[in-house]
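Hey, can you work out the whole structure from these sequences and the hints?
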Amino acid sequence: MPVTATAMRLIMRQIQDIEANPADGVRIHKSNDLSELLFDLTGPEGTPFAGGVFHVALYFEGGYPEVPPRGVFRTKIFHPNVAEKGDICVNVLKRDWTPSLGLRHVLMVIRCLLIEPNAESALNEEAARLILEDYDSYRRKAEMMTKVHAMKGGRPAKGARSLPSDKSRGNVSQRVGGTAHVGVAGARAVEGGGGSQLRNTSESALNNRSAEGGTSATVAASNLEVEKRRAVFRRI
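Take 1 as the starting number for the sequence shown in the UniProt record's numbering and just add one per residue.
Wrong hints could be hidden among the right ones.
[To be verified] Taking lysine to aspartate or glutamate and the EDC-like style, the derived pairs with C-alpha atoms no more than 16 Å apart in a straight line are:
(1) K76 - E66
(2) K94 - E125
(3) K30 - E19
(4) K76 - E126
(5) K85 - E126
(6) K30 - D17
(7) K141 - E126
(8) K147 - E45
(9) K85 - E125
(10) K152 - D40
(11) K94 - E61
(12) K76 - E19
Calculated directly from the structure, the hints in this document are not laboratory data. Small disclaimer: the values here were computed from a predicted structure and weren't measured.
Quick look at the structure:
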């Protein structure tokens with residue numbers, strides 16, 4: 001079913017708002033086809049996707065805004081919540097969707113997914129397993145995919161950097177539910193606020209990750225938490 005004229009006007013107004021007040025790390029592609037929204041995401045610093053530019057699309061169906069748009073990564077990416085063909089699994093486009101949510105919020109939550117992946121909503125089982133069991137391997141493969149598919153000539157954008165693996169391993173395994181939480185909390189923060197509170201939440205997550213210590217007690221606690229998450233993942 002094609003998008004209705006009323007829905008097209010709603011989509012157009014939201015796109016114009018995003019163009020007038022750009023969302024952090026998001027660049028909209030102008031198009032006359034309002035059944036889809038094409039945009040680029042810049043990989044957040046401190047993640048395996050830093051330095052990459054990812055082409056993403058939202059596809060609108062006839063039921064919009066009652067029915068959420070479908071999100072697809074058109075650039076290949078190694079991420080637990082992105083299927084091999086690009087489909088995105090995030091709660092804001094599924095069970096948490098409400099017609100009152102704006103497109104700005106959706107774009108910011110998808111970008112936050114690059115910061116806080118959620119292994120409990122996995123479409124890429126290999127990526128989810130590695131996040132839970134071997135974050136170093138996950139990071140290396142995600143960085144390799146970013147370099148091959150999301151960078152021009154395999155070169156990152158100026159100033160982009162990734163955190164050292166020993167600084168980032170534990171917290172991601174312990175935060176497997178983080179994406180869904182950020183999506184729900186951010187829904188209220190983004191509406192009318194330009195996304196600043198959601199952006200602060202994401203930056204806080206990165207700061208917490210980089211501040212983790214390397215004591216034996218921390219490692220032991222992290223290992224125990226990983227075992228708990230493995231049990232959760234086996235039930236998915």
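To see whether the hints hold, each was checked on the structure:
1. K76 - E66: violated (29 Å)
2. K94 - E125: Distance of about 19 Å is beyond 16 Å: violated.
3. K30 - E19: Cα-Cα ~9 Å, so holds.
4. K76 - E126: holds (15 Å)
5. K85 - E126: Measuring from Cα to Cα gives roughly 14 Å; hence the hint holds.
6. K30 - D17: Cα-Cα ~13 Å, so holds.
7. K141 - E126: Given that 16 Å is the threshold and the Cα spacing comes to 11 Å, the pair holds.
8. K147 - E45: holds (14 Å)
9. K85 - E125: holds (14 Å)
10. K152 - D40: holds (14 Å)
11. K94 - E61: holds (14 Å)
12. K76 - E19: Roughly 26 Å separates the two Cα atoms, so the pair is violated.
Comparing the model with each earlier hint shows violations of hints 1, 2, 12; every other hint is respected.
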